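Novice: Okay, here's what each chain looks like letter by letter:
There are 2 protein chains.
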Amino acid sequence: MVADYLHTYAVIMAGGGGTRLWPVSRKEKPKQLLPLLGQETLFQSTVKRLENLFPPERILVVTVEEQAQEMKLQAPEIPEENYLIEPAPRGTASVVGMAAMVLQKRDPKSLMAILPSDHFIRNVDLFHYLLKAAFEVAESGYLVTLGITPTSPSTAYGYIQQGKVLEGEYKYPAYTVKSFKEKPDEQTAQQLLRSGDHSWNSGMFIWRVDAIMTEIDRQMPHLSAELKAISEAWGTSKQDDVLNKRWLNLKNETVDYGVMEKAERVAVLPAGGLGWSDVGMWSSLFEVLLPDMDGNIATNSSLHLAHETHNTMIYGGSTDRLIVTIGVDDMVIVDTGDALLVCKSDQSQKVKEVVEHLKKHRQEKYL
Amino acid sequence: MVADYLHTYAVIMAGGGGTRLWPVSRKEKPKQLLPLLGQETLFQSTVKRLENLFPPERILVVTVEEQAQEMKLQAPEIPEENYLIEPAPRGTASVVGMAAMVLQKRDPKSLMAILPSDHFIRNVDLFHYLLKAAFEVAESGYLVTLGITPTSPSTAYGYIQQGKVLEGEYKYPAYTVKSFKEKPDEQTAQQLLRSGDHSWNSGMFIWRVDAIMTEIDRQMPHLSAELKAISEAWGTSKQDDVLNKRWLNLKNETVDYGVMEKAERVAVLPAGGLGWSDVGMWSSLFEVLLPDMDGNIATNSSLHLAHETHNTMIYGGSTDRLIVTIGVDDMVIVDTGDALLVCKSDQSQKVKEVVEHLKKHRQEKYL
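If you're matching them up, the sequences are chains A and B in order. Note that the working numbering has the first sequence beginning at 28, numbered continuously upward. Note that the working numbering has the second sequence beginning at 28, numbered continuously upward.
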């Protein structure tokens, strides 16, 4: 039992700068800061999704300097001191470590939910229910991860294989974790989908702060040592200096690889029906937005005249710009002021390669 | 023998307003007035193609009031009085009749070549050679048509079936015409392509003015009577009044149907190797512009980054706008300021239907 949820915190990881939603996401406007799915930005939706579960003073945001100001504008209800700034990107293990270190100082009994800032979840009530269930399991000392029940043989996610059901009086069944698996190839993905005991790794983790700290101490002594140094200076006049100096010593490491894979007590809650998407590439918007009878989606004020067109998404444009498609199937068309993308849906993960190409050829103005 | 080509005239038919190259061609900017294939407009290329064959004073342009001014700007070398204005569109038979009437008054011995204003011809030398050959046959009294040797089973053109070779000392073989055929269905088009004795009807005709007038008198007495009335007023103060009044009495009729199909002495010159295209729809630009190794064409200053893209044409855009395609095959992408077209190449004839739809729904600003 989590006593009245007085010690539960949400930590939003918001420092990323993905390239797979180019040309809408740009260097200065990463995905989470964009109103990709309507009026709100993904970051705002993430914050809003926590309403009635966490008061704003128990929501932390870990981000980088360049994004912090915009985030404070977008979510002014979160107290200034709850924005934690990474001096430089050092991977999710470091982010988790910083948040855990800060929470441990504020509230040694705290439990935290680590949540990405740029995901979509349709069914917020179910999300709340599952988070509460996960906190309950975490209270027993487990490092808990929300596994998403796969709906397709996706090669874009890592997979988690569940083991035995946890014993105990939990409101929702949790399982031990047999293994974490890297992004599979297509054939393997088909097998994992059929197996019935694999979930997608959503990047959402729930644990007691002391439990994750114990694992960091055990498995990542280097990170642990730097965090201790930062912790000592925290709240003093030396805080920023020490943070900046120590942080740069850290290795870039994910929490999955650095902690979860070899942690002692790991649990997974298989979550189906959340209506979850990581909005990881253009084609994932087909999972999120509702298509018309022909499978087409015209969004973000775009004016679309579809002639013999199916399963095609028009994104961007403007109410003044007419986009006509004729004989087009399974396509994503993204129209912005200085760049137009026309991409076969099942190849939208390759947008990343195009952005790499633009970087390599120093086409800065399109990045 | 055409004595030194002193009585040969070119008549450019330039009043049309096609819709199949939307969104580039618009109501106020029909296809022939656009620089579709480079710096020059199709109309300018048509005029330029006549250099060294016709002096400007023997080039006539038949067009409508709305387009005349722009044409005079684009081809100032053609004398003002050589622009003939149709008071309203009444089909190619009426255009031919007006031009023949005017030429007959100027030069009773004249021969004329009727030429569309919006076609592309790669090999101008061969075009000159064939026109001269056609004038030679026309001098004998034949109504001559240039037939284009088919290079595909096109359903976009009418076909001309040739009969026996004409006897006589011609520099290039000409044939009698067995039949004119309407645009065929796909299966028939395959047969016509294989037959070896069918050409595409290019809409280019060559004849003596007295020969075409005789056929108009015989087959189109109504047109003939109106032309006579206009002819009597021509050059007098009543010219415009009579033209405007009489012209509106005319029926809309093509020269093919109204004259050629039942004319007595018709000949066809089968023309291969001209590099001809009527530039009738977006996909026909693949015949005209030179693709890269992947079959892609980026034209009109567009900046195209092609990733796993084949046989795709990018038209429009600007040097500042980047167009990225990923996994795209056989597509036409036309990017203009207020409209974007993405169209499977083999369906680009359907652009016409889209424009009809826009008309019907009174989307005037996109027409």
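Accuracy of the hints is not assured; some may be wrong.
Identical copies look the same in the list; a pair holds intra-copy or inter-copy alike.
What the hints assert, rightly or not - Okay, derived cross-link-like pairs now, SDA-like style, lysine to any residue, Cα gap no bigger than 25 Å in a straight line:
| hint | residue 1 | residue 2 |
| --- | --- | --- |
| 1 | Lys-54 | His-334 |
| 2 | Lys-136 | Asn-79 |
| 3 | Lys-377 | His-388 |
| 4 | Lys-56 | Leu-332 |
| 5 | Lys-379 | Gly-300 |
| 6 | Lys-379 | Asp-356 |
| 7 | Lys-208 | His-388 |
| 8 | Lys-56 | Ser-222 |
| 9 | Lys-191 | Tyr-284 |
| 10 | Lys-210 | Thr-346 |
| 11 | Lys-210 | His-334 |
| 12 | Lys-392 | Glu-335 |
| 13 | Lys-377 | Leu-275 |
| 14 | Lys-210 | Ser-264 |
Since the hints were derived computationally from the structure, they do not count as laboratory data. As the structure is a prediction and not an experimental result, all values here were calculated from the model.
Novice: None of the hints should be skipped; say for each whether it holds.
Specialist: Okay, the hints, checked on the actual structure:
| no. | hint | result |
| --- | --- | --- |
| 1 | Lys-54 - His-334 | between (35 Å within a copy, 22 Å between copies) |
| 2 | Lys-136 - Asn-79 | within (21 Å within a copy, 95 Å between copies) |
| 3 | Lys-377 - His-388 | within (17 Å within a copy, 38 Å between copies) |
| 4 | Lys-56 - Leu-332 | between (29 Å within a copy, 22 Å between copies) |
| 5 | Lys-379 - Gly-300 | neither (29 Å within a copy, 45 Å between copies) |
| 6 | Lys-379 - Asp-356 | both (22 Å within a copy, 20 Å between copies) |
| 7 | Lys-208 - His-388 | neither (35 Å within a copy, 54 Å between copies) |
| 8 | Lys-56 - Ser-222 | neither (39 Å within a copy, 61 Å between copies) |
| 9 | Lys-191 - Tyr-284 | within (22 Å within a copy, 83 Å between copies) |
| 10 | Lys-210 - Thr-346 | neither (39 Å within a copy, 39 Å between copies) |
| 11 | Lys-210 - His-334 | between (37 Å within a copy, 24 Å between copies) |
| 12 | Lys-392 - Glu-335 | between (35 Å within a copy, 23 Å between copies) |
| 13 | Lys-377 - Leu-275 | neither (31 Å within a copy, 60 Å between copies) |
| 14 | Lys-210 - Ser-264 | neither (44 Å within a copy, 85 Å between copies) |
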